[in-house]
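As given, the protein sequences belong to chains W and E, one line each in that order.
Residue numbers 280 to 1171, in the numbering used here, belong to the letters of the first sequence in order.
Residue numbers 280 to 1171, in the numbering used here, belong to the letters of the second sequence in order.
Honestly, the hints are just simulated from the structure, not real lab data.
The reader is advised that the hints may include incorrect statements.
In this list, chains with the same sequence are indistinguishable; a pair is considered to hold if it fits within one copy or across any two.
What the hints assert, rightly or not - In the DSBU-like style, the derived pairs of lysine-lysine whose C-alpha atoms are separated by at most 30 Å in a straight line are:
id: 1; residue 1: K1113; residue 2: K821
id: 2; residue 1: K772; residue 2: K983
id: 3; residue 1: K676; residue 2: K919
id: 4; residue 1: K772; residue 2: K1008
id: 5; residue 1: K1111; residue 2: K1008
id: 6; residue 1: K1115; residue 2: K622
id: 7; residue 1: K579; residue 2: K404
id: 8; residue 1: K772; residue 2: K1117
id: 9; residue 1: K919; residue 2: K772
id: 10; residue 1: K404; residue 2: K602
id: 11; residue 1: K919; residue 2: K765
id: 12; residue 1: K353; residue 2: K473
id: 13; residue 1: K883; residue 2: K1008
id: 14; residue 1: K1111; residue 2: K821
Protein chains: 2
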Amino acid sequence: MSKWVLNFGPDGAEGRSEMRELLGGKGANLAEMCNLGLPVPPGFTITTEVCTYYYANDRTYPAELKIQVETALKLLSERTGKGFGDVSDPLLVSVRSGARASMPGMMDTVLNLGLNDETVAGLAKLSGNERFAWDSYRRFITMYSNVVLEVGHEHFEELLDIAKEENGYESDAEMTADDLRTLVDQYKDLVRSKTGNPFPLAPEAQLWGAIGAVFASWMNQRAITYRRLNSIPSEWGTAVNVQAMVFGNMGDSSATGVAFTRNPSTGENLLYGEFLINAQGEDVVAGIRTPQPLTAASRKSGGKPSMEEAMPAAFAEFVAVTKRLEGHYRDMQDIEFTIERDKLFMLQTRSGKRTAKAALKIAVDMANEGLITKEEAIGRVDPLSLDQLLHPTIDPKAPRQAIATGLPASPGAASGEAVFTADDAERVAHEGRPVILIRVETSPEDIHGMHAAKGILTARGGMTSHAAVVARGMGRPCVSGAGGLKIDMTAEKLTAGGTTIARGEWITIDGSTGQVFKGRVQMVEPELSGDFAILMEWADAKRALKVRANAETPLDAKTARGFGAEGIGLCRTEHMFFDATRILAVRQMIVAETLEGRQSALAKLLPMQRADFVELFTIMRGLPVTIRLLDPPLHEFLPKSDEEMNEVAEAAGVTAARLRARVHELHEFNPMLGHRGCRLGITFPEIYEMQARAIFEAAAAVAKETGETVTPEVMIPLVALKRELDMLKEKIEQVHAAVSKETGVEVPYLIGTMIELPRAALRAAEIAESADFFSFGTNDLTQTTFGISRDDSARFLSEYQRLGLIEQDPFVSLDISGVGELVEIAAERGRKTKPKLKLGICGEHGGDPASIRFCAETGLDYVSCSPYRVPIARLAAAQAALLPGKDRREDR
Amino acid sequence: MSKWVLNFGPDGAEGRSEMRELLGGKGANLAEMCNLGLPVPPGFTITTEVCTYYYANDRTYPAELKIQVETALKLLSERTGKGFGDVSDPLLVSVRSGARASMPGMMDTVLNLGLNDETVAGLAKLSGNERFAWDSYRRFITMYSNVVLEVGHEHFEELLDIAKEENGYESDAEMTADDLRTLVDQYKDLVRSKTGNPFPLAPEAQLWGAIGAVFASWMNQRAITYRRLNSIPSEWGTAVNVQAMVFGNMGDSSATGVAFTRNPSTGENLLYGEFLINAQGEDVVAGIRTPQPLTAASRKSGGKPSMEEAMPAAFAEFVAVTKRLEGHYRDMQDIEFTIERDKLFMLQTRSGKRTAKAALKIAVDMANEGLITKEEAIGRVDPLSLDQLLHPTIDPKAPRQAIATGLPASPGAASGEAVFTADDAERVAHEGRPVILIRVETSPEDIHGMHAAKGILTARGGMTSHAAVVARGMGRPCVSGAGGLKIDMTAEKLTAGGTTIARGEWITIDGSTGQVFKGRVQMVEPELSGDFAILMEWADAKRALKVRANAETPLDAKTARGFGAEGIGLCRTEHMFFDATRILAVRQMIVAETLEGRQSALAKLLPMQRADFVELFTIMRGLPVTIRLLDPPLHEFLPKSDEEMNEVAEAAGVTAARLRARVHELHEFNPMLGHRGCRLGITFPEIYEMQARAIFEAAAAVAKETGETVTPEVMIPLVALKRELDMLKEKIEQVHAAVSKETGVEVPYLIGTMIELPRAALRAAEIAESADFFSFGTNDLTQTTFGISRDDSARFLSEYQRLGLIEQDPFVSLDISGVGELVEIAAERGRKTKPKLKLGICGEHGGDPASIRFCAETGLDYVSCSPYRVPIARLAAAQAALLPGKDRREDR
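With the rest of the complex left out, here is chain W (with noise of 0.2 Å):
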């Protein structure tokens, strides 16, 4: 016969903590505090394995279960002496879910079961106080109908107020127990009227209520989509947990609390919590009363006086308590607590939720004391939560209301005027003012007023787009399609939720939550503690994933070196050319009808090409630096007013009217797959062969200058055919000769390609035959793979998300299944050509977390990611390297 009922107990239980799949976490918690002799009140726990029997079998229970509920019903008033019912010392339980992993929108919990008009004379007697055995009757009756028989809350909440005006009341406290009484009467008559049956008043018929409704909560609407958007299977089921009440309001000698074994904001080794005296948790809750402080240190001048002091007996109790679980579960933990006349019960505990600083902390603190091991405290910080470390936060405590949200595109909050022009962005900033720049979207002509803002919002495009890529790689603040926002450019303003800000007015976005703020939100600076610096080294010590920045600025390329790069996996030559003089250049080189055109503006890029790489290559000596050559969808540099239109006729020497028409030839219907990448340098190899020479030439001139050797890595995007790649490479290894003997100095470089097309993928095995490494340019691979644009992207797969569609922008996280499985053949396919071939990543993916495990499980070599995500993923990439291997292809 199926055990489908577990019981537990202060003499022990039945389950324990391993048993989560089977009873829960909760269940399973509280399991294993009996077991550790904790007191814990008794109860048992139905087994998520009755939840998958009842939706596998038309919502029936299996035969046995009523048995051994009773059965367990029977131990447990045995271990209360109370029975179920009793007249005279009534047993009442609490009912609650408990999933394997923590669900909001599933039923929470029932207490006081067990009450009826009966019973609440048990209680009233026992507890000395009939309007607290009445009170709670009423909420019980509130609490059941509402989770159980659906019966909204507000229609007994309209009876209180009736009642508390018909006796002139002000407040709940003023309502007598005869008053109770009759209030229970008229809730009985308003669930008959609204659910056609009367209250259920035996004990047991409340039960098998409450387990009910506890079950069919796993399939409510609100419970699916959660697990939908968190990937949890509806198979795992949920568990019930029915345990005996204890009355925290029993009188001044019984309290109930909240505790954290250290502090979950700071990460201090200090018990942090507070309590209230004779009151139940949602007293606590409510906020009617002011809880007091749990220690004698904690408590405030002119403050209540805290739990150390007005109980002191319980508390050392407590405090033992704690150190017990903190040391069982080698965690921070989150505990609630009852004191019934002077006698602790612990009601549940949990890892503790904390802030990034707190885990950073924690997790330090506990390998130093040995409570866990370097690799635990690796494994305990969320690698994305250092972002929080890493970029100044909104004050949680400063008040604000959002006006729009938008996509968290880069990371750190900022305030500043309003500014919709990058002209004006970069003007103000020069008064000395923070400026936020506001766009519709923004295009590589607005990179100095990016540059000089604080922060960027813009109103379209997703995680990837211009603004968002190019703010990341600035550790620019940047909230990006912000669809609620309509911007006004020709007014400059803007408006939202009927806030309107204009041009000179405060702003302040969160680029990690991607909320929009009127006026100046109050800020939390950064602060890099030693802690971070000893988790990085551990961190570092032992993962093999090597992690390399996108950099192309020197400012970028010093940030990545700060922040432990070990290298460039991406230097995009075309980002160095968005300096307004600069991009004069590129577009007369685009534009140009003529190769002579296109010499003439390439002899002007190529003194500035050198001398970035000169500063880069000298900035990252002794560490490989992987350069793309020239990759920019034409669109993206084209002139587009007619200002830039003049300016660039003027540079290339044409009429205006002829480059309008030269530009409308050039246009593109999707520049993503158009003429770009080594399209380009196919059909005009004059650009790729000033960039390899610009590359080689600095190469030598710092090796001149330094003696050190410096290794460029010649990267060539957006392959498709290997015969691409050696007609390029062929043209480069000229170029390198060339430039060997013109400055004596024999620099050594690799060639190789980026993987960002499926077919480049697929052909793998013979690309390989011709690269020195493979790069995955997993931002297009995944634009391609999926037949999705990043910039038209927004519209659709926030849509997609809400739906439960997608759990992850594929854009943000690596689509494993889909977008994986190429980065794998591409992978094995030219290790098998080329078994010592350098694998890297330089998508966006490179600082994701998840992304960055499948990298690393895939036996990439390094990845490569924007400066800020370089913490991250050094300790993403020690946390895929101390994690065992896990079967992704199962379901291929």
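We have chain W already, so just place chain E on it with the hints.
Showing chain E alone in chain W's frame:
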């Protein structure tokens, strides 16, 4: 010891026709003719293995080659009774290259090798014609110097011209033997001064020089490019044929000629060809003298006598030989022959090139004659050539000059007045005058003009641009992406190659070659002979692959059915809305900002759509019809001109300014990767619901009306995730249930998906769980796998082809090693989940023979193509079924 040299002669040969790989095409056929006992001048072939050895060993010959050539020369002396360098009876030879496949760009021929200052006298004596001998010698020096010594023949021409001038001669024929002797001296001086060495006089030296030149020419740039373009491996190598000279210019009993065993233009089973008395092959080519016909029947009145009349004995022998050869090779032969003093010599035979019409007739005739099997007949006709039979073509005899060349986007030729707008096209066509619609590029609003036009010409766009796809669907000739064209839309004129064509002037386009002509060029109307129907019938009996058509209009559907389509494989519902009144409602739907707005537009569209389907289902009764739900890349449908904006604004009941803002909002950077396909269906479910309703209501109506069952196959486009399909499938099933209830007709149906994104191909196993069929949308799959937009690709793909980076436009012929692998993966994974999963292809590739072969090999159930491609697909499918499988996976 390897055998590097194989001899052939009238008493038999060491080679045979199957040894093409070793001997090259020419050598193998010469050997074969010898084995047949035909009169072939003896000689020997140096094998392709020598070429391979030569390049593998730093351009040196195998050690044994010299002795083997000497031995072969000795045998040749014995066979001819002449001696190499023998002054009294010199052996003269021709040296020719001969690869496995005919290869322009390689060294062709050196004639009369063996002549020098001494042997020339022997030739004079033997021929009794001193002038002939010296002229042969002069020609030999020119030819040898040109191809072996790389001294341009223009230098020799110059000396000849000077000599004629000095002597006051008008023509070469006036040069006397003495004049030629003097000229030969000058020639030798020229060679010495140009090369620094004397002209080689020793016949052996001449021979080795020529052999070396043949091998060297295998690696010259033209040959390399040609091989790259035609996928000929460089490992194949070339053979060298050395053959005793025979002379057709030894007087009036000598002659030379070429013949086809059947008429290569019409296919008639009549000997066809021409000859010249007292001439060498080059005289026929030079065109100075008018050749004479071979047969008496083909002698023109007043023309010179035929070979049949002039040389009856030789003719009789020749006819017997041609019959023998055709019977032996079982194909129409292209033959070169020489008669030396009444003796017939066969110099070459090979399968003759022929027109499509001839190919068809010859194949059917030969099968009927019992010469070949029906299967062989099917294999003898190039499916693509059928296009020539279905469309009017430029009269090959018509005088014309191309002013520009674009892509051959839709076959057939057409002439008409040049018009530059769709409205104009419609108006002029309405007046009964043919027009050619000229646009920079076309869009859906040009459809009525494209319908009205005889042909379409665009300056932009590739083989699968809007213009190309629509034109093919309509069967209108189209030249697209004619980059050399400058179109001035304001002045309504085009300029190309210095020629201007204004509105109203005549223009001719040839969609089969991509050429554009000024004025009206003479056409040949198509003539579907009985042979066509016979061959199609044979083909249909052999193929397993079904052939459907891509069609949505009744006209298309009727055309398709007429051409033998076995259903509709792709009905693009958005194409049903090109009509001016409809596109308004479609636009209204697309720009609607609210559900109500969309519903109002959808209410207008429902009856139109339903009526379309009623008509379509009626035409296609008894056959399957696959309907793709709406899949418009938005930009194709957004209103553009002010007029359109106003029109749509009025229909939608909003201000033009509001609409403009909305259109701006809907703008996409890369619409091909944007909010289209099932993404529209997901975000605006009411659109697909309307379409499903229209489909099922129409099917129910037709079923009621006709009593015949119609099975619509509802196809969801652009699926990347199984969940997308699931969600939409559920909605369609709901509509089906509702319509069944309302109409009382339970329409049978399938729901399937396009596989047109790499992700869908990779996830085919799970997607197949929810799909009744997969249809490979290889246009989009090519776009995404390659990362190339079909609308933007013309600019660089043509350059790629020129550079030999790609052999075929991947939008025309499926990229089997890249895109093809995804098709294979999807087919394999899909069928693993669901063995009976119906698989088809509905991209443009469905009409391409190579792609069709791939589809057959991959086990697809059907291909679907433009109506006019249906016959091509039927034939190609039959050929695929008859060919042995080829392991395309070998290189993975």
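Tested hints:
Proximity of K1113 and K821 under a CA criterion of 30 Å is satisfied intra-copy only: 27 Å inside one chain copy versus 45 Å between copies. For the identical chains of this complex, K772 and K983 are neighbours neither inside a copy (54 Å) nor across copies (61 Å), given an alpha-carbon limit of 30 Å. Taking CA atoms no more than 30 Å apart as the test, K676 paired with K919 passes in neither setting, with 45 Å inside one copy and 50 Å between copies. In the homo-oligomer, the alpha carbons of K772 and K1008 never lie at most 30 Å apart, since the shortest distance is 50 Å inside one protomer and 44 Å across protomers.
For the homomeric pair K1111 and K1008, the shortest alpha-carbon distance inside one copy (21 Å) is at most 30 Å, but the shortest distance between copies (41 Å) is not. Taking identical chains as interchangeable, the C-alpha atoms of K1115 and K622 are never at most 30 Å apart, the minima being 67 Å within one chain and 68 Å between chains. Taking identical chains as interchangeable, the C-alpha atoms of K579 and K404 are never at most 30 Å apart, the minima being 38 Å within one chain and 133 Å between chains. Within a single copy, K772 and K1117 get their C-alpha atoms no closer than 50 Å, and across copies no closer than 56 Å, so neither meets the 30 Å cut-off.
When the C-alpha separation of K919 and K772 is checked against a cutoff of 30 Å, the pair qualifies both within a copy, at 22 Å, and between copies, at 27 Å. Proximity of K404 and K602 under a CA criterion of 30 Å is satisfied in neither setting, with 37 Å inside one chain copy and 123 Å between copies. Both within a single protomer and between protomers do K919 and K765 lie at most 30 Å apart by alpha-carbon distance, with minima of 23 Å and 23 Å respectively. Taking the shortest alpha-carbon separations for K353 and K473, neither the intra-copy value of 34 Å nor the inter-copy value of 118 Å comes in at or below 30 Å.
Taking CA atoms no more than 30 Å apart as the test, K883 paired with K1008 passes inside one copy only; the shortest distance there is 24 Å, against 58 Å between copies. Taking the closest pair of Cα atoms, K1111 and K821 come within 30 Å of each other only inside a single copy of the chain (27 Å); across copies the shortest separation is 41 Å, beyond that limit.
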